[in-house]
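Take these sequences, add in the hints, and give me the full structure.
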Amino acid sequence: MSDATKDQVIPDARIDDQEEPDHTTPTILSIEDMWVEYKTPHGWLQAVRGATLDIKRGEAVALIGESGSGKSTLGFAILRMLARGARIAKGKAIFTNSRGESYDLVTLPDKNFREFRWSECSMTFQAAQNSLNPVMRVKDTFWETAKAHGKRNHKEIDERTLDLLRKVQLDPRRVFDAYPHELSGGMRQRVSIALSLLLEPDLVILDEPTTALDILTQRAIIDVVKNLREQLDFTLIFISHDLSLAAELADRVATMYGGEIVEYAAVRDTFYRPRHPYTVGLLNAVPPIVGEEFTPLTAIPGSTPNLLDMPSGCPFHPRCPYHTDICIREDPPLMDVGGNHLTACHHHDKVTRDPEIWERMTAEEAVG
Amino acid sequence: MNEPLMSLQNLTRTFDTRGGRIVAVDNVSFDLHKGDILCLVGESGSGKTTVARMAGGMLKPSLGKVLFEGRDINAMGKDDFKSYRQAVQIIHQDPYASLNPVQTIGEIIRAPLLHHKLVKGRREATQRVAELLELVDLSPAENYIGKYPHQLSGGQRQRVSIARAMTLNPRMIIADEAVSMVDVSTRVSLLNTMLKLSNELGVTFMFITHDLSVVKYFGWEGRVGVMYVGKLVERGRTPNLIGRSLHPYTRALAAAIPEADPDLTRSKEKLQLRSLDIPNLNALPSGCVFHPRCPYWVEGLCDVKSPPLVDVGNGREVACHVVVRNIQEGGNGRDLAPTSEELRTSSAAD
Amino acid sequence: MAEATLNTSDPTAAAVEVEMRKKSFWRVFVERNKAGAFGIFLLTVILLLTFIGPFFVHGENRTNVSLIYGGPSWAHPLGFDHSGRDIWYQIVHGGRSVILVAFLAALMATAIGVILGSLAAMIGGKFDVAMLTISDVVLTVPTIILLAVLAAFVRLNSPVQLALILGATGWPVLLLAIRSQVLSLKEREYVEAARMLDLGMPRILFREVLPNMASYILINFVFNMRGAVYGQVALYFLGLVSLSGVNWGIMIQEAFRRGAVFLPASMMGLVAPIFMIVMLMWSLILVARSLEDVFNPRLREP
Amino acid sequence: MATLVTDVAAIEEEEDVVRQSRLKGFLGNYFLRRLFRAFLTIFFVSTLTFFLVRLLPGSPVDVYINQQIQQYGYTYEEASNQARSLFSIDVEQPLLLQYLDYLKNLVRGDMGMSITAPGTSVASIIESRIGWTIFSVGTALIISFVLGSFIGMLMAYWRGGKFDGFMSTFGAITGSIPDYQLALLFIVIFGVRMGLFPYTQMRGALSSGQQVEFSFAFVQDALYHAIMPILVYVFVSIGGWMLLMKSTTIQALEEDFVTAARARGIPEWRILVFYVGRNAILPLFTTLTVSIGFVVGGSLLVEPIFQYQGIGARLFESIQQRDYSTLQGIFLMITVSVVAANLIADLLYSRLDPRIRSKG
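Residue numbers (our numbering), protein chains in the order written: chain A, 1 to 368; chain B, 1001 to 1350; chain C, 2001 to 2302; chain D, 3001 to 3360.
What the hints contain is simulated information worked out from the structure, not anything from laboratory work. Please note: incorrect hints may appear among the correct ones.
[As the list claims (entries may be wrong)] Straight-line alpha carbon distances no greater than 16 Å define the calculated EDC-like cross-link-like pairs of lysine to aspartate or glutamate that follow: (1) A:K111 / D:E3268; (2) B:K1078 / C:D2198; (3) B:K1268 / A:E159; (4) B:K1065 / B:D1026; (5) A:K147 / D:D3164; (6) B:K1034 / B:E1221; (7) B:K1082 / B:E1107; (8) A:K39 / C:E2192; (9) B:K1268 / A:E292; (10) B:K1060 / B:D1072; (11) A:K147 / A:D158; (12) A:K147 / A:E159; (13) A:K151 / A:E200; (14) A:K151 / A:E115; (15) A:K151 / A:D140; (16) A:K226 / A:E59; (17) B:K1117 / C:D2198; (18) B:K1196 / B:D1137; (19) A:K139 / A:D163; (20) B:K1060 / C:E2192; (21) A:K151 / A:E120; (22) B:K1082 / C:D2198; (23) C:K2034 / D:D3164; (24) B:K1270 / A:D223.
Model, not experiment: these values are computed from the prediction.
Given below as structure tokens:
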């Protein structure tokens, strides 16, 4: 299946304004053929199927996908935070720290991994409302985190905490001594983001940072993350079901479907020159707000696949208007179609954003 | 014009909470004619769902009336109320909670048909169930009739909810965040299904959402009302309102939403608010409820007097002193001067 | 959560689905819940022994001086008690009334709890407040003490009276539980949808609300049976029920009265009924804990 | 998938809170509300007891009076005087006045005289006995709570493993043995068959000659006599704590804040104690409420078996001898102590959980 590696680059199919493959910036995280499984009463379920992903130092990468696409599972797998009953069945995740040392996060011994967590790579969780201990004050959470990583200078920690709280636009006086339940959802989300930066990690993972928040609060979070990225130089992976968030924040976008990464490209490539029918389908289903004209939208026919009962070949073929026999037989690998634009589609050269082809398919097949 | 199908007149709803009485909905009025699509937009705490529940007869208003075909639903006789109840249906947000987990899809849809004797016998019932499932694009229907809700995807479940709502041939459907928990790729087809009901069967829709982009698609032919902390702050025809919103709150909302277009979204003009916090319903600000967050507020006016909803022409109404004054002075209502910096800081102190 | 798709064009998918259906519910159940399966087995054995057993184990329950503390034999595997009565005979014949009384009491408590609990939730207002207060008060007093004091004032002469008094003290927990369940179910969106469709209060209660509490009610019923076994045997032990007939509770009470505790020879007369009661209680708790699975539609159809 | 918090849910939840607080009227404060409820319960129970004694057909008072008249040839006057001193009820007054009198006496601590032990007031009987029960039951409760929740936590942590399996079975079986039957089995098996402990010497609450004093010898002797009842209480109740703690711990282990703490590299033992343990044990305090009553109830049956001189054994005797006035007094006393213990458990809970504390 996913035997796509960097060797399989198809050379020179670039359009002029596509970006140059970047060989100078070091890679911070390199995920290779990662498989993650969950145990269910009806057997093992593959939530991530052979994901391969290279992330450069300093980049902001968006992992985009719908429910069941495996995007959060992949995020959790990096930090080895998988739920009970889940395991990394196969694969590597090579992390290279700022001193140039590389190690595989999958096989790193537990003791070293505990040190790695948060000081090298931190994460804020979806529903950050619940990610703070309800019986612990905000300041204690910060203090304990610092202490767990050998920092015991109270004053220093407090100063850093206050500074971070200010950076995420919170009133430190109000938040520092508060219990989580005394803060609003948006405030707790910002506390979590501040907490994730406490130990100056190189890599920060945000899992659905704006989900379940009001729109104006979402905007505030987006702006906070943007500002932080400008001020502090960290690599960002964020996981979201919201394409617009990727458009706003990401340098590169990885689109996931049915546990596989189906497209990985620079943000402008993803949105203006998508090479995978699923990405196209998603883009055609999201309306813009601005503008005074009506934008027709088309849905992707069918529904997201059952991970316990995946279709053969390409996981997207039952919903794809381009699918042919080869798609039913063979799962396409993630391949470079030029300009560091990776896609996993047999028919990537035929893919266009023309909505008509989708409408035709919708008309032909019954919507499920 | 002829009599509206439903008319909400000065609806107000208060709740008593530990922190005192809160006004969840404050003096909201609008009419819906047959075949209308009305979208109510607002964030949490805006009172949009409370309006929906009052319109659906699930909650009694504290003040004001809900008129259905000219008659107050809360003063109706038993028979009239029965016919109102069957004519107005609600579709809920959560596709996981809105279907009874222990009944099959067939049982769920068959029940109202048999209870109200709309069909004779089980065979006709099954046939009608199949028709309804096909109506909401669940076909072939045999694939779904025997399934339990947990065996369907979120979008499919939401379709079952619509089919169930259609059993009694309702004239109006209140959709309360009906697509907010459905995957992006299938959301549009669900909206299309509902648009089909509106276009082909003339069903009136009251569509509650927090998402302006969904409004733009679903409510393009209809009207929008924007709610903020219990009040209607702006309303008008969708094309007018979405592209050229007037009320600073609506503008902030439209500007805050990221677009699925990197160049556009990064260059989009943002409206900087003065405060991030939604006011506590227990301690609403004086005057205009939006003034503590509004970049255009005028001291001595906005913090004193609550603005009424004013018709500014072109079928648009807005509740904002500053915008109305600007238009009266010949402006377009959008080129407003932000309140000066000193004023902003002095107000932040209180 | 895995979501099933229906429009897969892949023929193998359909085959897999059929295969999953074939795996019978009971097999999935036993695989998932071994303790529960054992509980059902144990309960079945006890029920067979106490309800069918009496047709096969004959004898009489008469004092026989010559057999006092007689040792075990093939015909009388547990030996004889302080009055020379066959202990095995008493074990087989003495469980029926214990189980029946507990069943009757639990039935009564459950009926009261379910009816008043759902009414309190549905009606609300003063009725609700009254129900809450009464349950609160009854709950504070230790059940067994309330039971003992009540029984000290009222003479208990028949198993039915015993069941009545047990049932009358066993409902408050269930009432509160049912009340809060109905309150939460009432707010569920599918119940609201049923109200919008004007399906009528009885249908909403019996088709939409109660079926979703079926496992809950049954679990509580089983726990109530446990409580009733405990309370019932305790009342025998306290001598508050007039002693007649063959009954595990009476066996314990008489053995204790006769100082069986200190007489090694009489141990079987005490230990055997205790063993039966413990097995009964144990099987009930295992069954109660597995009921959730029995009612889970997800286990029936993947 | 986007989950949106709709305003109506929050508002209706608020409304629910208000509905409850409206019923408690002016009592907005958590502590006062709780105290009010405790007094209400005691009031209801004492009222119930009064009417039980006074109004039931063939009520103990009437039975007693008739008995006195028939057996000793008293006049009705004399007999009812006698009854009055025993039950602190004056039968000749109107019912309402009797009731008020009864309440007045109760407040003063006057619960009448014992029928079977003439000249002894019910209050003095309770006074001499209650301490032992509180001592044994309290010790047992603390032991089984601490031990049970500790084991339960380990079960949750190693769930699905051998330890969990063994302890689950152990808990289910010990929880299935009625306490007094376990007491019997203890004596039979360990005392008589194995001869592991001198069960006859261990009777009573203290050895004869041992004074109630503040000394090591006293504590040692008291423990020696209480050890069997305590063991029984611990045995039958520990399973419940284990299983309850296991389930709350599993819940806590799956909380996002635990995952988040792990991601932050917080040491595992700190997570177990301060994140999982603290949040898992909080709900147990609510259950403590029910469990206190259960253990106190158990003393009624366990104490007589070990002939432990606590309140339960005295209640047992009163029931056997139909000493109604003592019965009534002890019944009230137990109710009051259970209510008081519940109150303490509740307040402790509210101190431990900042979410409740701030609602105050």
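Tested hints:
For the given pair, K111 (chain A) sits about 11 Å from E3268 (chain D) by alpha-carbon distance, which is consistent with the 16 Å threshold. Proposed proximity of K1078 (chain B) and D2198 (chain C) is supported: the alpha carbons are some 12 Å apart, at most 16 Å. About 35 Å separates the Cα atoms of K1268 (chain B) and E159 (chain A), which puts this hinted pair outside 16 Å; it is violated. Distance hint between K1065 (chain B) and D1026 (chain B) is fulfilled; the C-alpha atoms sit about 13 Å from each other, no more than 16 Å.
A threshold of 16 Å between alpha carbons decides the hint, and for K147 (chain A) with D3164 (chain D) the separation of about 33 Å lies outside it, so the pair is violated. Between K1034 (chain B) and E1221 (chain B), the direct Cα distance comes to roughly 13 Å. Compliance with the 16 Å bound is thereby established for this hinted pair. About 22 Å separates the Cα atoms of K1082 (chain B) and E1107 (chain B), which puts this hinted pair outside 16 Å; it is violated. In summary, the hint linking K39 (chain A) to E2192 (chain C) is not supported, as the alpha carbons are separated by about 35 Å, beyond the 16 Å threshold.
The hinted pair formed by K1268 (chain B) and E292 (chain A) meets the criterion: a straight-line CA distance of about 15 Å does not exceed 16 Å. For the given pair, K1060 (chain B) sits about 11 Å from D1072 (chain B) by alpha-carbon distance, which is consistent with the 16 Å threshold. Straight-line distance between C-alpha atoms of K147 (chain A) and D158 (chain A) comes to about 12 Å, which keeps the hinted pair within the 16 Å bound. The suggested pairing of K147 (chain A) with E159 (chain A) holds, with an alpha-carbon distance near 14 Å, which does not exceed 16 Å.
Of the supplied pair hints, the one linking K151 (chain A) and E200 (chain A) holds, its CA atoms being roughly 13 Å apart against a limit of 16 Å. Our distance criterion of 16 Å between C-alpha atoms is met by K151 (chain A) and E115 (chain A), whose separation comes to about 12 Å. Restraint check for K151 (chain A) and D140 (chain A): satisfied, since their Cα atoms lie roughly 13 Å apart, inside the 16 Å limit. Among the hinted pairs, K226 (chain A) with E59 (chain A) is consistent with the structure: their alpha-carbon atoms are about 12 Å apart, no more than 16 Å.
The straight-line distance between the Cα atoms of K1117 (chain B) and D2198 (chain C) is roughly 12 Å, inside the 16 Å bound, and the hint therefore holds. The hinted pair formed by K1196 (chain B) and D1137 (chain B) meets the criterion: a straight-line CA distance of about 10 Å does not exceed 16 Å. Restraint check for K139 (chain A) and D163 (chain A): the C-alpha separation of about 12 Å stays at or below 16 Å, so the hint holds. Only pairs whose Cα atoms come within 16 Å are accepted, and K1060 (chain B) paired with E2192 (chain C) is accepted, the gap being roughly 15 Å.
Between K151 (chain A) and E120 (chain A) the CA atoms are separated by roughly 15 Å; this keeps the pair inside 16 Å, and the hint holds. Only pairs whose Cα atoms come within 16 Å are accepted, and K1082 (chain B) paired with D2198 (chain C) is accepted, the gap being roughly 7 Å. Proximity of K2034 (chain C) to D3164 (chain D) is assessed by CA-CA distance (about 14 Å); at most 16 Å being required, the pair is judged to hold. With a CA separation close to 11 Å, the supplied pair K1270 (chain B) and D223 (chain A) stays within the 16 Å bound.
In this structure, the earlier hints numbered 3, 5, 7, 8 are contradicted, and the remaining ones agree with it.
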